[in-house]
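Chains as they are written, first to last, in my numbering: chain X, 1 to 68; chain E, 1 to 438.
Some hints could be false.
As the list claims (entries may be wrong) - Computed list of lysine-lysine pairs in DSS-like fashion (alpha-carbon distance at most 30 Å, straight line):
#	chain 1	residue 1	chain 2	residue 2
1	E	Lys34	E	Lys77
2	E	Lys233	X	Lys39
3	E	Lys233	E	Lys373
4	E	Lys23	E	Lys46
5	E	Lys46	E	Lys29
6	X	Lys39	E	Lys238
7	E	Lys23	E	Lys34
8	E	Lys342	E	Lys238
9	X	Lys39	E	Lys283
Calculated from the structure, these hints are not laboratory results. These numbers come from a predicted model, not from an experiment.
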Amino acid sequence: MENLTAALVVTVIGMSVIFAVLAILYVSILSLERIFPYKAPAQTAGDDTETVAVIQAGITAYLKRRPG
Amino acid sequence: MWVFAVCYNRKTALYAVAGTTQKKIDFQKSALIKELALTISSAFGKIFATTGFSAIGPGEIVMILIALTLLYLAIEKEFEPLLLVPIGFGALLANLPLTHMMSGDEGGLLYYFYLGVRSEIWPPLIFLGVGALTDFGPLLANPLTLFLGAAAQIGVYITLVVAVLLGFSLQQAAAIGIIGGADGPTAIFLANKLAPELLGPIAVAAYSYMSLVPIIQPPIMKLLTTEKERKIKMEQLKPVSRELKIVFPIAVTIICLLLLPAAAPLIGMLMLGNLFRECGVTKRLYETTETHLINIVTILLALAVGSSMTAESFLTWQTIKIIVLGLFAFGAATAGGLLLGKLVMVMTGGRVNPLIGSAGVSAVPMAARVSQKVGAEADPHNFLLMHAMGPNVAGVIGTAVAAGVMLALFGESALMTPGHAEALIGQGADFIRSIFFG
Numbered sequence: 001m002e003n004l005t006a007a008l009v010v011t012v013i014g015m016s017v018i019f020a021v022l023a024i025l026y027v028s029i030l031s032l033e034r035i036f037p038y039k040a041p042a043q044t045a046g047d048d049t050e051t052v053a054v055i056q057a058g059i060t061a062y063l064k065r066r067p068g
Numbered sequence: 001m002w003v004f005a006v007c008y009n010r011k012t013a014l015y016a017v018a019g020t021t022q023k024k025i026d027f028q029k030s031a032l033i034k035e036l037a038l039t040i041s042s043a044f045g046k047i048f049a050t051t052g053f054s055a056i057g058p059g060e061i062v063m064i065l066i067a068l069t070l071l072y073l074a075i076e077k078e079f080e081p082l083l084l085v086p087i088g089f090g091a092l093l094a095n096l097p098l099t100h101m102m103s104g105d106e107g108g109l110l111y112y113f114y115l116g117v118r119s120e121i122w123p124p125l126i127f128l129g130v131g132a133l134t135d136f137g138p139l140l141a142n143p144l145t146l147f148l149g150a151a152a153q154i155g156v157y158i159t160l161v162v163a164v165l166l167g168f169s170l171q172q173a174a175a176i177g178i179i180g181g182a183d184g185p186t187a188i189f190l191a192n193k194l195a196p197e198l199l200g201p202i203a204v205a206a207y208s209y210m211s212l213v214p215i216i217q218p219p220i221m222k223l224l225t226t227e228k229e230r231k232i233k234m235e236q237l238k239p240v241s242r243e244l245k246i247v248f249p250i251a252v253t254i255i256c257l258l259l260l261p262a263a264a265p266l267i268g269m270l271m272l273g274n275l276f277r278e279c280g281v282t283k284r285l286y287e288t289t290e291t292h293l294i295n296i297v298t299i300l301l302a303l304a305v306g307s308s309m310t311a312e313s314f315l316t317w318q319t320i321k322i323i324v325l326g327l328f329a330f331g332a333a334t335a336g337g338l339l340l341g342k343l344v345m346v347m348t349g350g351r352v353n354p355l356i357g358s359a360g361v362s363a364v365p366m367a368a369r370v371s372q373k374v375g376a377e378a379d380p381h382n383f384l385l386m387h388a389m390g391p392n393v394a395g396v397i398g399t400a401v402a403a404g405v406m407l408a409l410f411g412e413s414a415l416m417t418p419g420h421a422e423a424l425i426g427q428g429a430d431f432i433r434s435i436f437f438g
């Protein structure tokens, strides 16, 4: 009977501690998310087909005009 | 005639002499043969005495059959083969008599492997590898799933109560209950600390049921959810920043270990492994940890666990009780996660599929795969795998925290004794009385 009482107390304490620890982690994750928000990677010129086309056209024009 | 007579007489005499000699020789021969036979039989007897056959008993024979069954399940049925092959083989080696593999005095090899369990080296090293293999991204993308991992730990505590009712001591019941966490290294770690005499049955029960998750969980999942609930589709997970993934293991280490220092070996190693993975500057350490290190330690740990399965420690009624309690623990943990999953589903207006709750019983990634499979059976276009990985990895943290709580209460400092429990209840009752009645 004594052991059973202790087991029930341990159940209440154990589940409370687990939920408390994970609740603290939950709040921490939400706070860290604000500090370190996700940023989509910046587009490079290589990804922008329009810019690439303009640069390529410029190079072609330069090569045509270049003497020799 | 005379000559003939002489010859005859000489021949007879000769024959007589020869006969006597022959008799003598025969006698000597038979004595020699007898002596030789005695020597040979005594030599064979001595040789037999040095073979295992002379020392094998019914207990060893049963254990060898159990070891062969484990090997069969691992090789033929592919039940957790990476673990059950070395566990089964370790059990086989430990139960072949006179090999002295577990003898400390005679320098038994498995004895030294077992020292790694006893001195708590192998389980935390396994956790280092698990950390390197774990992606906490799904958990960080949907932190609410942390609570599903917490709810599944109810299986641990319900089993603790049932084990006490079945006559186990509090320490033994705590070690048995942790089987419900579905986390092999944690179960071994805690069993070694609280009930080393039950290490073999607990480890076998934990790993066997982990491999049986696809069979144990689906009936409970279908029983506790409706077809409509299983069809719920969840939104795609949001992306998570690299910085958050790096800071997370450091934050968990600080928070958890300030609250529960007893869980340091498990949580500390788990998070270090994860930091190797996420920080991006320890590629060599990460690659070693997630492959070679975890494989080597798995061999040593599993062999050591198998070698602890000797006839005198394994063939007891307690083992049968532990096997039944392990199954109960898994079922209760699955139900706990599912029921909180249903609550979260109601609270979020049906945006969470309750099936992901069952993945709260660690068993990474098997339990998450089962959620995916059962969800896809209800609706083939339902993809729950990544959503279920959140509670799955939360379950690993939850089980490590549960182990920390058990150690704090029943470990060497033993905060919890029957007398303490009643005193605590008395204090709690006084506190509640003071709140309501002044």
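Hints and how they fare:
no., hint, result
1, E/Lys34 / E/Lys77, "violated (55 Å)"
2, E/Lys233 / X/Lys39, "holds (26 Å)"
3, E/Lys233 / E/Lys373, "holds (14 Å)"
4, E/Lys23 / E/Lys46, "violated (33 Å)"
5, E/Lys46 / E/Lys29, "holds (25 Å)"
6, X/Lys39 / E/Lys238, "holds (11 Å)"
7, E/Lys23 / E/Lys34, "holds (16 Å)"
8, E/Lys342 / E/Lys238, "holds (22 Å)"
9, X/Lys39 / E/Lys283, "holds (24 Å)"
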